[in-house]
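Asks: First to last, the sequence lines map onto chains P and U. This note's numbering runs 88 ahead of the 1-based position in the first sequence. This note's numbering runs 51 ahead of the 1-based position in the second sequence.
Treat the hints with care, since some could be wrong.
Stated by the list, open to error - Where chain P lies over chain U, by a calculated footprint (3+ residues, C-beta under 8 angstroms): (1) 370 to 379; (2) 383 to 394; (3) 398 to 409.
No lab work stands behind these hints: they were computed from the structure. If you're wondering where the values come from, they're calculated on a predicted model, not measured in any experiment. Ideal placement from N, C-alpha and C gives every residue a C-beta, glycine not left out.
So you can see what is in the structure, the chains are spelled out below.
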Amino acid sequence: MGIRAKIGLIALIMVVMLTGCWSRRELETLGFITAVGLDHAREEGKIQLTVQMAKPFAITGSVQTAVQEKPFHVMTATGHTVFEAVRNLNSISPRRPFWTHARFIVFGEDMARDGIQEALDFFDRDGEPRRTSFVMIVQEAKASDFLQVEFSQEPLPSEGVFALLQGTRLAQSTVAAMTVNDLLQSLEGEGIDPITVRVELIRLEEDIDIGGDVLRDQIKAKTRMTGSAMFKDDRLVAWMNKPETRGYLWVTGQVKSGIININEPTVQDAYASLEIVSSRGSFKPQLTRDGIKVLIQVEVHANLGEMQQYIDIRKEPALWVSMERRMAEVVKNEIMAAVEKAQHFGADIFGFGAEIKRRHPKEWPRLRENWEEEFKRLTVEVEVKARIKRAGLVLKRASIRK
Amino acid sequence: MFEWVRALLRSSKIRPTGEETLVSANLSINRKRLSQAYGNSGDVIIRELRVGPRKIRILLVLIEGMVDKALISETVMKPLADHGKNWKSPQQAFKELSGSLLPNVGVRVTRTLQNLLEDVSRGGCAILIDGVAEGLSVVVPGWVQRNPGQPDTEPIIRGPKEGFVECLRTNTTLVRRRIRDPRLRIEEYELGRISWTKVAVLYIEGLVNEEVLEELRSRINRIDVDGIGESGHIEELIEDAPFSPFPTIFRTERPDRVTGGLLEGRIAILTDGTPFALILPATFTMFFTTSEDYYERFWIGTVLRLLRFASFFISLVLPGFYVALLTFHQEMMPTPLILSIAAQREGVPFPVVVETFVMEATFELLREAGTRMPRLVGPAISIIGALVLGDAAIRAGLVSPAMVVVVAFTGIASLSAPLYSIATGARILRFALIILGGTMGLFGVVAGLFGLLIHLCSIRSFGTPFLEPLAPVVFADWKDAMVRLPWWAMRTRPRLLGVRDSVREAPGLEPMPPREDG
Numbered sequence: 089m090g091i092r093a094k095i096g097l098i099a100l101i102m103v104v105m106l107t108g109c110w111s112r113r114e115l116e117t118l119g120f121i122t123a124v125g126l127d128h129a130r131e132e133g134k135i136q137l138t139v140q141m142a143k144p145f146a147i148t149g150s151v152q153t154a155v156q157e158k159p160f161h162v163m164t165a166t167g168h169t170v171f172e173a174v175r176n177l178n179s180i181s182p183r184r185p186f187w188t189h190a191r192f193i194v195f196g197e198d199m200a201r202d203g204i205q206e207a208l209d210f211f212d213r214d215g216e217p218r219r220t221s222f223v224m225i226v227q228e229a230k231a232s233d234f235l236q237v238e239f240s241q242e243p244l245p246s247e248g249v250f251a252l253l254q255g256t257r258l259a260q261s262t263v264a265a266m267t268v269n270d271l272l273q274s275l276e277g278e279g280i281d282p283i284t285v286r287v288e289l290i291r292l293e294e295d296i297d298i299g300g301d302v303l304r305d306q307i308k309a310k311t312r313m314t315g316s317a318m319f320k321d322d323r324l325v326a327w328m329n330k331p332e333t334r335g336y337l338w339v340t341g342q343v344k345s346g347i348i349n350i351n352e353p354t355v356q357d358a359y360a361s362l363e364i365v366s367s368r369g370s371f372k373p374q375l376t377r378d379g380i381k382v383l384i385q386v387e388v389h390a391n392l393g394e395m396q397q398y399i400d401i402r403k404e405p406a407l408w409v410s411m412e413r414r415m416a417e418v419v420k421n422e423i424m425a426a427v428e429k430a431q432h433f434g435a436d437i438f439g440f441g442a443e444i445k446r447r448h449p450k451e452w453p454r455l456r457e458n459w460e461e462e463f464k465r466l467t468v469e470v471e472v473k474a475r476i477k478r479a480g481l482v483l484k485r486a487s488i489r490k
Numbered sequence: 052m053f054e055w056v057r058a059l060l061r062s063s064k065i066r067p068t069g070e071e072t073l074v075s076a077n078l079s080i081n082r083k084r085l086s087q088a089y090g091n092s093g094d095v096i097i098r099e100l101r102v103g104p105r106k107i108r109i110l111l112v113l114i115e116g117m118v119d120k121a122l123i124s125e126t127v128m129k130p131l132a133d134h135g136k137n138w139k140s141p142q143q144a145f146k147e148l149s150g151s152l153l154p155n156v157g158v159r160v161t162r163t164l165q166n167l168l169e170d171v172s173r174g175g176c177a178i179l180i181d182g183v184a185e186g187l188s189v190v191v192p193g194w195v196q197r198n199p200g201q202p203d204t205e206p207i208i209r210g211p212k213e214g215f216v217e218c219l220r221t222n223t224t225l226v227r228r229r230i231r232d233p234r235l236r237i238e239e240y241e242l243g244r245i246s247w248t249k250v251a252v253l254y255i256e257g258l259v260n261e262e263v264l265e266e267l268r269s270r271i272n273r274i275d276v277d278g279i280g281e282s283g284h285i286e287e288l289i290e291d292a293p294f295s296p297f298p299t300i301f302r303t304e305r306p307d308r309v310t311g312g313l314l315e316g317r318i319a320i321l322t323d324g325t326p327f328a329l330i331l332p333a334t335f336t337m338f339f340t341t342s343e344d345y346y347e348r349f350w351i352g353t354v355l356r357l358l359r360f361a362s363f364f365i366s367l368v369l370p371g372f373y374v375a376l377l378t379f380h381q382e383m384m385p386t387p388l389i390l391s392i393a394a395q396r397e398g399v400p401f402p403v404v405v406e407t408f409v410m411e412a413t414f415e416l417l418r419e420a421g422t423r424m425p426r427l428v429g430p431a432i433s434i435i436g437a438l439v440l441g442d443a444a445i446r447a448g449l450v451s452p453a454m455v456v457v458v459a460f461t462g463i464a465s466l467s468a469p470l471y472s473i474a475t476g477a478r479i480l481r482f483a484l485i486i487l488g489g490t491m492g493l494f495g496v497v498a499g500l501f502g503l504l505i506h507l508c509s510i511r512s513f514g515t516p517f518l519e520p521l522a523p524v525v526f527a528d529w530k531d532a533m534v535r536l537p538w539w540a541m542r543t544r545p546r547l548l549g550v551r552d553s554v555r556e557a558p559g560l561e562p563m564p565p566r567e568d569g
């Protein structure tokens, strides 16, 4: 073994020994942040940071006595910047706040209306928080209140909210969600405005106390997901309800599944539910002499999921076609509602501008100057191809024989 | 770095044995010399007979327990008694004895006392006649020996239940019975200045690579030690990578494995006094096979091999990986999992790396105790091991349940290795990876694994790269490495260094429905 090898070996040993477990973090010294809330603080110009931290020993594990305890803990710190507030957390939390497991960041409505850009910089710049956390806006409440939300089936509220979000997206497609990364991209991009999750707070009792470390056995707040929050730049401008949100999702091709209800023609107040199985959506801006025209093309495939009226489909093929037509109508109405609302507030959530920039890069600089006005003025043409593929397990509904 | 080890080893010199002594015509002198050589050992029988009318003095020397007594009286004593009366002179007696009277196979006529001594020590009977300056020896060994039974270290469900025993001749027979072609060669050596251990080198002429064989011969001839304890002793003296944690020579207790190796053009070494045979050259993938892989259906052989590779990797990496993840990369685990582990670690007073190291060491301790303890105290070990160290340690909050799961999983994975000697390599390296993982996180674990990979790529076993056919890639040999293809698809012998006569099967052996006529 040569001198080089010897030196190499010594160096190798030193690398192991001299690092001294550099940046080692023992698991039990960490406080896992599962959700983050941001609000205006009571003091002028300050930011209030609320975090929900998991209390692992109360989740499962060997300590039997702790099961009645809530497995999370909410704490608040303020600062002129998010980072200052984050460091202020250290003075009240015995466990080092650990950011990578945060499922979502929620903004209070007040803060969202005033703009979220300043608060977002920390989550962009710092290495620990994940950009895959979802951004949510809580309607008519503070984010700190929202972090008190609980579920009776799910010990950790953050997991519950996350599951709620995924469930709503998959089963209904009535919520538009953006991660921190998506949000930053749409803020950064030209001709596109953000749209993200709107959550509602349902208070079950009056007194909600921030602090969270008190042992409570009653759930005081619940939540539900009822659409989206529309942004103009980084400011919240309007709420979108479920159909409007799905209108947006149709256009951007994000509808995964969901239900379309149509009224049956033969009987009043009887409905048929169609289950969306697949959809494709795209839009094409065209610059015409009359102004900008956007052609929206949506293709929907659905299965017949439920029929409240007795109809034998085999005997009435015309009905099948008419159901498809009415389904297309519903989709079109949802799209128009979304477009109209967006145009009213001048928020280009669809990214029409960005698409124009891509397709007509020479025209875009001219349009960009006054894009908000252009966006409000543009006309939209919607083409919906709707098909109903299958009728489920029966051809006709079980009827009541007379 | 290891020079000092080598120097230390070199310094222990062996005392050379004595010079040649010729057989004297005077029986008393011979007798004196022989009894001096054995120093009045209790098991040495030196008996003088006076045979026939001329009272010819005949000396018999043998060691009790080493010879077959019945055979001696049948083949030596009886001829002496029957023909002794006809003998007129010692010369005549010697001539008749050495020429025709002794019906045994191994009769040797020699002029040196040393040769006689050697034969006596090998279970022979030396015959000296007064007035003849030559000696005779008849080798009729007969000692206590166990029957070839199912090998304890390599049990299988389907396949021959015979294993090697401690007797070399029985072992060579076990192989010869499976390969009857005369091209099976058995070269015998005697190693050890004091122990005189017989070692047999087995190969099939025409299949084996001569260069490898020549290299092996020269390495065996280099061996100059006082005694050979076991085949492991030879292994360490002839292997290519003496400092590697992994063996580069395969060892087995099974004659069918040796047969399989020989048919692949490998060489086997059988050592007297041990049931463990050596097979070389050996490759890494060989250590993950069992002979059953070749007897059971190839699907299960394939799946089990993959499982064994996985379990080897787990037994090597899992604790280090666990430590690295929990100490440095908490962000890499799914939220529910990390919270669950965090909950379990609540109140555990040691850092993860210490906890893991101690628990792994404890497991090794239990395992060692389980191997070495007298069978009678077995239940005590399981109570202490399972109840005290497992259950009570968790209840006392000294270790986390997840840790015990990791240790147990690692232990099972380690024990599932078909060959003990490859698992022991992983056993030691596991601790190195725990330390690397605890100091440098996943970077350390990966760096350690890379170092190991480089090492494995660099070593050879008698000219064959240890990682063949994985590195260098030899696709033709993948048929019997990570997977085991059906027999009819394994037409060629492995591409060992300079393999000869590579085709071993006729083409088209795959069973098929009979062809239509015409």
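Asks: What hints, given by number in increasing order, does this structure fail?
Replies: none
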